[in-house]
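> Now for the letters of each chain:
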Amino acid sequence: DAGVIQSPRHEVTEMGQEVTLRCKPISGHDYLFWYRQTMMRGLELLIYFNNNVPIDDSGMPEDRFSAKMPNASFSTLKIQPSEPRDSAVYFCASSLGGVSPGELFFGEGSRLTVL
Amino acid sequence: AQSVTQPDIHITVSEGASLELRCNYSYGATPYLFWYVQSPGQGLQLLLKYFSGDTLVQGIKGFEAEFKRSQSSFNLRKPSVHWSDAAEYFCAVGAGGTSYGKLTFGQGTILTVHP
Chain A
1 DAGVIQSPRH EVTEMGQEVT LRCKPISGHD YLFWYRQTMM RGLELLIYFN
51 NNVPIDDSGM PEDRFSAKMP NASFSTLKIQ PSEPRDSAVY FCASSLGGVS
101 PGELFFGEGS RLTVL
Chain B
116 AQSVTQPDIH ITVSEGASLE LRCNYSYGAT PYLFWYVQSP GQGLQLLLKY
166 FSGDTLVQGI KGFEAEFKRS QSSFNLRKPS VHWSDAAEYF CAVGAGGTSY
216 GKLTFGQGTI LTVHP
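For the record, the sequence lines run as chains A and B. Those letters in the first sequence? Residues 1 to 115, by the working numbering. Those letters in the second sequence? Residues 116 to 230, by the working numbering.
What the hints contain is simulated information worked out from the structure, not anything from laboratory work. The reader is advised that the hints may include incorrect statements.
As the list claims (entries may be wrong) - Which chain B residues stay away from chain A? Per the calculated CB distances, all over 12 Å, these:
{"no.": "1", "residue": "Ile-126"}
{"no.": "2", "residue": "Glu-130"}
{"no.": "3", "residue": "Arg-137"}
{"no.": "4", "residue": "Ser-141"}
{"no.": "5", "residue": "Gln-153"}
{"no.": "6", "residue": "Gly-158"}
{"no.": "7", "residue": "Gln-173"}
{"no.": "8", "residue": "Glu-179"}
{"no.": "9", "residue": "Glu-181"}
{"no.": "10", "residue": "Arg-184"}
{"no.": "11", "residue": "Ser-185"}
{"no.": "12", "residue": "Gln-186"}
{"no.": "13", "residue": "Val-196"}
{"no.": "14", "residue": "Gly-209"}
{"no.": "15", "residue": "Thr-219"}
{"no.": "16", "residue": "His-229"}
What the hints assert, rightly or not - Just a few of them, taken from the derived set where beta-carbon distance is under 8 Å, the chain A residues facing chain B:
{"no.": "17", "residue": "Asp-57"}
{"no.": "18", "residue": "Pro-61"}
{"no.": "19", "residue": "Asp-63"}
{"no.": "20", "residue": "Phe-65"}
{"no.": "21", "residue": "Gly-107"}
Since the structure is predicted, the reported quantities are computational estimates derived from the model, not experimental observations. Heads up, the beta-carbon is just placed ideally off N, CA and C, and yes, glycines get one too.
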């Protein structure tokens, strides 16, 4: 079975450019999470969705960040404009809520470098 | 607000030796507790979880963890470490109800295994 699929795996961009990260969750999962991992701050939850609806976006750092989930099989995290401090690994994770809350299945991450 | 502390940033053990990774949490009610493992360049994988019931939980790859409410701890153990266990380990706490899925992760413990 396919796991959580993220693209791109690596992205290098210049400050001020728009960045879009993509995620395909595991089929049938009803929760989707975006996390950010940095050396300084560790793993931070940015936003999560339930049945394509954003439930909690309190972790989104600022208005430059936005996330969407237009359908059950696709989500995007957009940064516009990007800044060097956005450099991090961004993880998408999905889960099946009623069965096993908190059991997240992570993608391999998108490593973002903003120059 | 919930929080997790992993006191040890880096632990080194010899192959075949026993292992204990420490985790302390802060949460007002009975927490959901998790241990995840991350290999270099990969996403996180669930090792084990505690929701309720028996305080000693078994996980994959021969790992176990014990929930001790009086000490607010959920330490991870393995009787005999293999070289393939070298990775970073994260303890996490989650809430139920309306905060379902909002896991808070510790800073992680890097495990190095000497032959």
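> All the hints need checking, so say for each whether the structure fits it.
Verification of the hints:
Ile-126 of chain B, annotated as away from the interface, keeps every beta carbon of chain A farther than 12 Å; the closest lies near 17 Å. No beta-carbon of chain A comes within 12 Å of the beta-carbon of Glu-130 of chain B; the shortest separation is about 27 Å. For Arg-137 of chain B, the shortest C-beta to C-beta distance to chain A comes to about 16 Å, beyond the 12 Å cut-off, and the non-interface label holds. At the 12 Å boundary, the C-beta of Ser-141 of chain B stays outside the reach of chain A, the nearest C-beta of that chain being 16 Å off.
Its beta-carbon lying about 8 Å from the closest one in chain A, Gln-153 of chain B breaks the requirement of being farther than 12 Å from that chain. A Cβ of chain A approaches the Cβ of Gly-158 of chain B within 12 Å, the least distance being about 3 Å, so the stated non-interface status is violated. No beta-carbon of chain A is positioned within 12 Å of the beta-carbon of Gln-173 of chain B; the least distance is around 15 Å. Every beta carbon of chain A lies more than 12 Å from that of Glu-179 of chain B, the smallest distance being close to 17 Å; the non-interface claim holds.
No Cβ of chain A comes within 12 Å of the Cβ of Glu-181 of chain B; the nearest lies about 18 Å off, and the non-interface call holds. With a closest Cβ-Cβ approach of about 18 Å to chain A, Arg-184 of chain B is found to remain outside the 12 Å limit, as its non-interface label requires. No beta-carbon of chain A is positioned within 12 Å of the beta-carbon of Ser-185 of chain B; the least distance is around 23 Å. Taking the minimum C-beta to C-beta distance to chain A, about 21 Å, the non-interface status of Gln-186 of chain B holds against the 12 Å cut.
Remark: the non-interface label on Val-196 of chain B is consistent with the geometry, its nearest Cβ contact in chain A lying 23 Å away (cut-off 12 Å). The Cβ of Gly-209 of chain B does not lie farther than 12 Å from every Cβ of chain A; its closest approach is about 4 Å, which violates its non-interface assignment. Its beta-carbon lying about 8 Å from the closest one in chain A, Thr-219 of chain B breaks the requirement of being farther than 12 Å from that chain. Every Cβ of chain A is farther than 12 Å from the Cβ of His-229 of chain B; the closest lies at roughly 24 Å, confirming the non-interface assignment.
Contact between Asp-57 of chain A and chain B, as hinted, is not supported at the beta carbon level, the nearest pair being about 11 Å apart and thus beyond 8 Å. Taken as an interface hint, Pro-61 of chain A does not check out: its beta carbon lies about 16 Å from the nearest beta carbon of chain B, beyond 8 Å. For the restraint placing Asp-63 of chain A at the interface with chain B, the shortest Cβ-Cβ distance is roughly 21 Å, beyond the 8 Å limit, so the hint is violated. Taken as an interface hint, Phe-65 of chain A does not check out: its beta carbon lies about 17 Å from the nearest beta carbon of chain B, beyond 8 Å.
For Gly-107 of chain A, the shortest C-beta to C-beta distance to chain B is roughly 5 Å, which falls under 8 Å, so the interface hint holds.
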